[in-house]
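Taken in sequence, the protein lines are chains A and B.
Every position in the first sequence, counted from 1, becomes a number in this note's numbering once 700 is added.
Every position in the second sequence, counted from 1, becomes a number in this note's numbering once 300 is added.
Hints may be right or wrong, so weigh each one.
Subject to a maximum C-alpha distance of 27 angstroms in a straight line, what follows is the list of computed DSSO-like cross-link-like pairs (lysine-lysine) [stated by the list, open to error]: (1) A:LYS1162 - A:LYS1213; (2) A:LYS1129 - B:LYS314; (3) A:LYS1114 - A:LYS1266; (4) B:LYS330 - B:LYS370; (5) A:LYS1412 - A:LYS1363; (6) A:LYS806 - B:LYS356; (7) A:LYS1129 - A:LYS807; (8) B:LYS370 - B:LYS356; (9) A:LYS807 - B:LYS356.
Here are the simulated distance ranges between beta carbons [as the list claims (entries may be wrong)]: (10) B:LYS314 - A:ASP1272: 34 to 44 angstroms; (11) B:ASP328 - A:GLN943: 29 to 39 angstroms; (12) B:ASP328 - A:LYS1387: 45 to 55 angstroms; (13) B:HIS325 - A:GLN943: 34 to 44 angstroms; (14) B:ASP363 - A:GLY959: 26 to 36 angstroms; (15) A:GLN993 - B:GLY380: 33 to 43 angstroms; (16) B:GLU310 - A:ARG829: 54 to 64 angstroms; (17) B:ASP327 - A:THR1183: 43 to 53 angstroms; (18) A:LYS1114 - B:ASP363: 53 to 63 angstroms; (19) A:SER757 - B:GLY380: 23 to 33 angstroms; (20) A:LYS956 - B:GLY337: 46 to 56 angstroms.
Note that these hints are calculated values from the structure, not bench results.
On a predicted model such as this, the values are computed, not experimentally measured, just so you know.
Ideal Cβ placement from N, Cα and C applies to all residues, glycine included.
Take a look at the letters that make up each chain.
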Amino acid sequence: MTDVQNYICGMGIISSLGHGIKQTKYALQTGRSGIGPLTLFSTAANPPLPVGEIPGSIDSGSLSRTHQLARLAAEQAMAKCEQSPDAVVMGITTGGILTTEMHLQKKAYSPELYRYHAVGSVAEEIARRYRCTGPVITVSTACSSGTVAIKIAIEMLRAGLFKRVLTGGADSLCRLTYHGFNSLQLIDPEGARPLDENRRGMSVAEGAAMLLLAADQPDNAVAEILGAGLSCDAHHSVTPHPQGKGALAAMQAAIKDAGISISAIDYINLHGTGTPDNDLSEAHAINRLFSVQKPLLSSVKGAFGHSLAASGAIEAVVSAICVSSHLVPANTGCRFPDPDLKLEPVRQPASVPVDCVLSNSFGFGGNNASVIIGAPDKADCSISSAKIKPLAILGCACTTGAGTTEATMANLSKGAACKGMLSVQAISKNLSPRTVRRLKRLPRMALSLALAAYENANREEKPSSVFLGTGWGAISETYDFLTGLFETDERFPSPTDFVASVHNAPSGQIALKFRSTGPNITTSGGDYSFEQALLSAHLLSRDIGESFFVMGVDESHPVVSHLFDKSVVADDIPSDGGGSFCLIGAHDLSELYLNLAFYENTENNPGVISSLIGQLGGPRKIKTSYGILMVGIPGGDRWEGEKQLRTFLSLSGFKDPLIDYRKLIGEFASASAVAAVIATKFIEDRKIPPRFCNNRSFRLNGKGALVLGLGKFITAMEVLRR
Amino acid sequence: MNPMEKLLNELKIKIVEILNLIDVHPDDIKEDDQLVGGDLEIDSIDVLELVIMIEKDYGIKIDNRDLGAKIFATLRTLAGYIYENAPELSS
């Protein structure tokens, strides 16, 4: 084992306060605010509400505005680095929605117009630009996304998987969030005044920040990420826990992760959105954590506004500026500190030595993340690296057009396909009417799958954490919110739809149901979203003693699925569903294991299939380890995927049964989660149904299953018997 | 039935329908019970949906958090506020 540190060796930022570190630092030193009336798009409200909009024009070309912001921040972060990053991890919530909503309003239904809609496409574009051949992960956990992304990035370095990871977050202003937060009455018409006794809400903003992290000490280290901690309130889908229980847990986890004492923290960069409930909840948590003496503290959201997924990354950059420039930013916007908060925010920018900063980011779904940033090599906080390990399978379940796991397996055994969509009632028949009264298709499927996997595990202990992959998120809620917005001339969009439109709403519902207060991570990377969730679970499993859910789920939508997902077009039958696992790190509790063995980008990576075979141990090991190959070729990449499969079969010499599973279960982004559950059932039964083996019985004799993902990325998941 | 009773009954039906309380009969909603956070499990998001309904159906805008807490205390306080402020009901 070796010790690993996480050096920040490059940073980039663009926000309402300007473009680049220099402009941002100057704005912070002078206490300037970037908040002003919205000009990016027209609204019925006159005057428009104040926002944190990036000044000047941003030429987004054919890309979406969020993509362009991410690119501008990444250019700065990568300016002094000639090598490609080994992985990209980003926090994104809105992706290309600004462009999408414009086309939906005009009822323009050409798929080409929506090619940058996916939140995952932002990080993929950055990976392509910097020739990153490793994994790309997109975290979509609402306002904590940027900080959660940083946590995953440092765990990649600590696991010894990579040497350089490019991480950060980006979000552009859009109608969805501008009107959505307004529908929740969470926007302060005067502009955000965090911690002020007259505060009435936040100012929605936009921006991007990127950080290049390196495990080896570079010459130009700006600061270090000492540690980060995650938690979930499991309290309410929007309102934070009134006593800040989850916020406290995240801060405590970050301090423990960094291996520092509480007294080492010189400054707290608050989440401090300016909403009455958030600021009060965070204040309670801070007053409990720092019962003796509180560090200097301030929220910068009265200056930047709240840039959602970007905010955690922006504030990580601000924290690094604090450390490198001995600067404590002011709590801009606060004139009369709220006495109920019992906090004394820094009112004017201060020039004082800062060695260690705690930065908070909290989001919808009670999703909390805290990160600790320090001066390079000042704190003794190196963490022993620990390789990622296979995860023990306690239970699993799937939903397909055929029905539950049992119905799916029965259909497969008799040679029938499992394509199609269940009715909403059928999806949620194991859930009470009260539980599902506000839930549409995706959260119902997710909750139902979690419950089925938990019951299949047959253990009393409830899973403490959730890792959920979804290619497209809650499409119904997003579509319904925007339709309601357009049809009522912006007067009556549904607050319920807005709250449920975030990608992490389903995983938040699971946390509520199971009281899961551990990390709650939603990943979104198209056809590889489930694999991203599994990789995140591998990386964080050493922080989690108990069992946890790892799942993938996607819904089909009659209007937009075929516009967003080019694979959906390849099949006449609309299909959806998902797969869910109840897993644990401890290895003596199960005979079966799930392991993500490989995840690489195919772009700029001609030797990727050879790398895969090498990573799996070579042809002989492949033949002796796996008795069944489940292959996922997304319909939109079929030609390329079939070519990749031929290369794999030729180089590996694999001759045992092979299932091209999308031909059976249909085209939807998280089909691989279903495939992993089917593979687990085969290994459990120790045999493959005859229809997949020329109608002969095929016994596995202790061999496992390999679930290959092909197309834009190559992924390999193993289901193995101990 | 007096106008207030009519309004109370109308609101009960609307609450069940808008909040999708399919396991609740309108008559189960008691006029003087705590409306938010009580047995019906109505929360802040539901209140915002009701705020939209009140603006759409009765022409009354409620955008003040402190006032909202008083208005939504019980069904009777809500009906009373609508009755006093709705242009077509008070005329």
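(message) With the threshold set at 27 angstroms, check whether the alpha-carbon distance from LYS806 of chain A to LYS356 of chain B stays at or below it.
(response) 25 angstroms, holds
(message) Holds or violated: the 45 to 55 angstroms window for the beta-carbon distance between ASP328 of chain B and LYS1387 of chain A?
(response) 53 angstroms, holds
(request) For the pair supplied as a hint, LYS1162 of chain A and LYS1213 of chain A, confirm whether the alpha-carbon distance does not exceed 27 angstroms. (result) The given pair, whose Cα atoms are some 10 angstroms apart, holds under the 27 angstroms limit.
(request) Using the Cβ atoms, figure out if ASP363 of chain B sits within 26 to 36 angstroms of GLY959 of chain A. (result) At roughly 47 angstroms between Cβ atoms, GLY959 of chain A and ASP363 of chain B fall outside 26 to 36 angstroms, so the hint is violated.
(request) Take the C-beta atom of SER757 of chain A and the C-beta atom of GLY380 of chain B, compute their distance, and say whether it sits inside 23 to 33 angstroms. (result) Check failed, 52 angstroms falls outside 23 to 33 angstroms.
(message) The hint says 54 to 64 angstroms between GLU310 of chain B and ARG829 of chain A; measuring C-beta to C-beta, is that right?
(response) 58 angstroms, holds
(message) Given the hinted pair LYS807 of chain A and LYS356 of chain B, is their Cα-Cα distance within 27 angstroms?
(response) 26 angstroms, holds
(request) Look at the Cβ atoms of LYS1114 of chain A and ASP363 of chain B and judge whether their distance stays inside 53 to 63 angstroms. (result) 59 angstroms, holds
(request) Take a look at whether the Cβ-Cβ distance between ASP328 of chain B and GLN943 of chain A falls inside 29 to 39 angstroms. (result) At roughly 32 angstroms between Cβ atoms, GLN943 of chain A and ASP328 of chain B fall inside 29 to 39 angstroms, so the hint holds.
(request) Given the range 43 to 53 angstroms, decide if the beta-carbon distance of ASP327 of chain B to THR1183 of chain A lies inside it. (result) 33 angstroms, violated
(request) For the pair supplied as a hint, LYS1412 of chain A and LYS1363 of chain A, confirm whether the alpha-carbon distance does not exceed 27 angstroms. (result) The given pair, whose Cα atoms are some 19 angstroms apart, holds under the 27 angstroms limit.
(message) Assuming the hint says 33 to 43 angstroms, is it satisfied by the Cβ distance from GLN993 of chain A to GLY380 of chain B or not?
(response) 50 angstroms, violated
Violation of the numbered hints given earlier is confined to hints 3, 7, 14, 15, 17, 19, 20; the remaining hints are satisfied by the structure.
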